[in-house]
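Chemist: Single-letter residue listing:
2 protein chains.
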Amino acid sequence: MTTDERASAAPGAGRELGVAVLGMGTVGTEVVRILRDGAADLTARVGAPMVIRGIAVRDIAKDRGVDPALLTTDAQSLIDRDDVDIVVEVMGGIEPTRTLMLRALDAGKSVVTANKALLAEYTGELADASRRARADLYFEAAVAGAIPVIRPLQQSLAGDTVELVAGIVNGTTNYILSAMTESGADYAEALADATRLGYAEADPTADVEGYDAAAKAAILASIAFHTRVKAEDVYREGITGVTGADIESAKAFDCVIKLLAICERFTDSTGQQRVSARVYPALVPAKHPLASVDGAYNAVFVEAENAGRLMFYGAGAGGAPTASAVLGDLVMAARNKVHFGRGPLDSVYANLPVAPIGDVQTRYYVAMEVADRPGVLSSVANEFSSRNVSISTVRQQTDHGGAGARLVVLTHNAPDAALSATVEALNKLDVVTAVSSVLRLEGTDD
Amino acid sequence: MTTDERASAAPGAGRELGVAVLGMGTVGTEVVRILRDGAADLTARVGAPMVIRGIAVRDIAKDRGVDPALLTTDAQSLIDRDDVDIVVEVMGGIEPTRTLMLRALDAGKSVVTANKALLAEYTGELADASRRARADLYFEAAVAGAIPVIRPLQQSLAGDTVELVAGIVNGTTNYILSAMTESGADYAEALADATRLGYAEADPTADVEGYDAAAKAAILASIAFHTRVKAEDVYREGITGVTGADIESAKAFDCVIKLLAICERFTDSTGQQRVSARVYPALVPAKHPLASVDGAYNAVFVEAENAGRLMFYGAGAGGAPTASAVLGDLVMAARNKVHFGRGPLDSVYANLPVAPIGDVQTRYYVAMEVADRPGVLSSVANEFSSRNVSISTVRQQTDHGGAGARLVVLTHNAPDAALSATVEALNKLDVVTAVSSVLRLEGTDD
Chain A
1 MTTDERASAA
11 PGAGRELGVA
21 VLGMGTVGTE
31 VVRILRDGAA
41 DLTARVGAPM
51 VIRGIAVRDI
61 AKDRGVDPAL
71 LTTDAQSLID
81 RDDVDIVVEV
91 MGGIEPTRTL
101 MLRALDAGKS
111 VVTANKALLA
121 EYTGELADAS
131 RRARADLYFE
141 AAVAGAIPVI
151 RPLQQSLAGD
161 TVELVAGIVN
171 GTTNYILSAM
181 TESGADYAEA
191 LADATRLGYA
201 EADPTADVEG
211 YDAAAKAAIL
221 ASIAFHTRVK
231 AEDVYREGIT
241 GVTGADIESA
251 KAFDCVIKLL
261 AICERFTDST
271 GQQRVSARVY
281 PALVPAKHPL
291 ASVDGAYNAV
301 FVEAENAGRL
311 MFYGAGAGGA
321 PTASAVLGDL
331 VMAARNKVHF
341 GRGPLDSVYA
351 NLPVAPIGDV
361 QTRYYVAMEV
371 ADRPGVLSSV
381 ANEFSSRNVS
391 ISTVRQQTDH
401 GGAGARLVVL
411 THNAPDAALS
421 ATVEALNKLD
431 VVTAVSSVLR
441 LEGTDD
Chain B
1001 MTTDERASAA
1011 PGAGRELGVA
1021 VLGMGTVGTE
1031 VVRILRDGAA
1041 DLTARVGAPM
1051 VIRGIAVRDI
1061 AKDRGVDPAL
1071 LTTDAQSLID
1081 RDDVDIVVEV
1091 MGGIEPTRTL
1101 MLRALDAGKS
1111 VVTANKALLA
1121 EYTGELADAS
1131 RRARADLYFE
1141 AAVAGAIPVI
1151 RPLQQSLAGD
1161 TVELVAGIVN
1171 GTTNYILSAM
1181 TESGADYAEA
1191 LADATRLGYA
1201 EADPTADVEG
1211 YDAAAKAAIL
1221 ASIAFHTRVK
1231 AEDVYREGIT
1241 GVTGADIESA
1251 KAFDCVIKLL
1261 AICERFTDST
1271 GQQRVSARVY
1281 PALVPAKHPL
1291 ASVDGAYNAV
1301 FVEAENAGRL
1311 MFYGAGAGGA
1321 PTASAVLGDL
1331 VMAARNKVHF
1341 GRGPLDSVYA
1351 NLPVAPIGDV
1361 QTRYYVAMEV
1371 ADRPGVLSSV
1381 ANEFSSRNVS
1391 ISTVRQQTDH
1401 GGAGARLVVL
1411 THNAPDAALS
1421 ATVEALNKLD
1431 VVTAVSSVLR
1441 LEGTDD
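Quick note, the sequences are listed as chains A and B, same order.
Going by our numbering, the first residue of the first sequence is number 1, and it counts up by one from there.
Going by our numbering, the first residue of the second sequence is number 1001, and it counts up by one from there.
Since the hints were made in silico from the structure, they are not lab data.
From a predicted model like this one, the values you see are computed outputs, not experimental measurements.
Note that beta-carbon positions come from the ideal geometry of N, C-alpha and C, so glycine has one too.
Keep in mind that the hints are not guaranteed to be accurate.
Some chain B residues flagged as far from chain A (calculated, every beta-carbon gap over 12 angstroms) [claimed, not checked]:
| hint | residue |
| --- | --- |
| 1 | K1062 |
| 2 | E1140 |
| 3 | A1245 |
| 4 | A1405 |
| 5 | A1434 |
| 6 | T1444 |
Cut-off 30 angstroms, straight-line C-alpha distance, at most; resulting in silico cross-link-like pairs (BS3-like, lysine-lysine) [said to hold, decoys possible]:
| hint | chain 1 | residue 1 | chain 2 | residue 2 |
| --- | --- | --- | --- | --- |
| 7 | B | K1251 | B | K1287 |
| 8 | B | K1251 | B | K1062 |
| 9 | A | K251 | B | K1428 |
| 10 | B | K1251 | A | K287 |
Please construct the entire structure, taking both the sequences and the accompanying hints into account.
Modeler: Next comes the structure, spelled out in structure tokens:
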């Protein structure tokens, strides 16, 4: 049997599949290009031709190198067309996107989206619509661009128990932190460079404050733990407070600083399984696989009960890489239309409680300016020990140009609440001028 | 709607799914354990309980910690049972396994297999049976254990064009080469250690001669290039000829030696797209992501037109990691039974010609024992240049205890045929005592 014969043996083979593309920014432009340039291959892989019925844009007058007849500002009418089978959403935003996606799914149209902010809030609603109408909802492109992360967690690890997902999932912040590490630049300089080179947007808030990573953490935690986790459940700190001195101190501890999205399952003191999702800059040992993920690259590290340690690495953003992920989903959704198949379903049966940050245990890095006189270390150490926060390493620097000294403490694992109380007490100590940085230390074995 | 209500809304929900397990070695034992210990989670994820109907083993008398009533030596009768929906094949071997798998598929039973040797030879036949009967064929566990590789290539990159897959896909050889690199041990010592520690089998031929990696290369190339590639199409060299001197020379060039499975798409001089699949020990620059994959770990590096560079890393073998991959496939196959879904289909439409090794271009490392006298380098260099093999770097060591010298040459890209002819000519030169090693250099940009 030839491929053609095989394809035509499938129930929906041959018939054109109509695709609506919503949005023609960086990613949308690449999606349209690949659909055009790769048409022959895509047809062979799907078993039917995929045809763009229209592209919804804000400004129809702008020349986009496509047949102007395809362009429309009326996304809803485009979605509603009888000859549209699959909707590719790369327009972003919450509304009207959410309403449009629900409308598409309710009408039995499969949806492929790269919209992390929407998913971090409304996956439940979208997944319910998808299930009711037996329409697929795919979103590999929403996390870590071209890197397959959703599919491995959702499918490859479907028979395993995921314990930890720790990802570098934001290219902008990784570029800035890498630049600070390599060149010794401070945060403001590195951000300015990133903006100039196009790695940071004019308003970098979503990236540098960790909102983008938090949305991705919510999506990853939901899938990894079969539990609905929303963006608001994710504890979040950005990188704006990371100083050159922190980067240098990290190096002295053989660590680098990375903005991590961490999704963790743990058993609390009452024996209850709980999950935590959090985003913050953390020290990572130089020998950890995540430590060498530099520049605009992304990586997601996974630990599962049986699979052990896995890591997925690649380009986390950019038009073509993100479009590659969109196209992978689009081909799957289209094949399902041809073969009357079914994409993966939302799975939230485990419904584990999300722990507040105060209950989460990690190791800490605490940097403080202190008086340069005997007895300081003893007073400082006492504040840690009286709250059962065990100190692992202390480094003191006296040669940093002022009258005082800089003291850096690494702790063993401790609950966040105990550490916060310790920091509050340290700030009240006479011998402590200020606690200048509190960061976590992740990726060590103890 | 609760999860239970959702699941029961699916067409095949609630009904028990019968599973036949064929083989209870290292992987089969773990599969059975996870099916038992994880039953509640697996039921929730599938939407129906999976129940082991029987386990086919060779020796029914051996105590395996399972209900003896489940054990049978009659795999065929087990597969034929009406209440078996999915067959998990972890018994290995070509026959009777092939016949049993075809029988299962023909009867509409989904098959999950970890059998790389079988797939490298008979995927076509199995895929045809799977398509005819609308029964799923899954085999994530066949390549790189727990690391999701098949699914990313087959699904995530379904809309992209894969240019290169370069994998460390054999843990035994990676353990041996890592040990040689770290401790300076020679091949025989490192192999003896690996055998003692259980990383190498009593007869290590399949691993050290590259047969295992070649089977995996055939599977990866077939999926990556939508082209049927069989084990016999894969050029293969093992690691038995790699010496401590090669490892040392590689270090001097800032490289490590790894056994690579390489699947490459290239355009030949006539403009024809061709693919190549090959397995050999190669020098890899220390800064390449594959270089730091040590010990029994596996990693697969992928370059695709739009996605760019991706890498997947993790445990490539072992009972629990491989069982994790089997279970992921099993849950997918079971969900498809519940939701009348359909797994991914074999795709070989591109049908690209497989290039013979002589036509493949790579860079080379050539080590030779030469006379220690003037004019040697000139004679040697002439043999390269007269065959258009351009030399990149030459290193000469005179202090290695003999009367002669050791000359190591790195070339730029050259066709294998030209290099082979060069080596033959070098061996005939009076000034060359012997060409002691010819290895490739992979992972550089030129």
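Chemist: If you check each hint against the structure, which ones fail?
Modeler: 2, 8, 9
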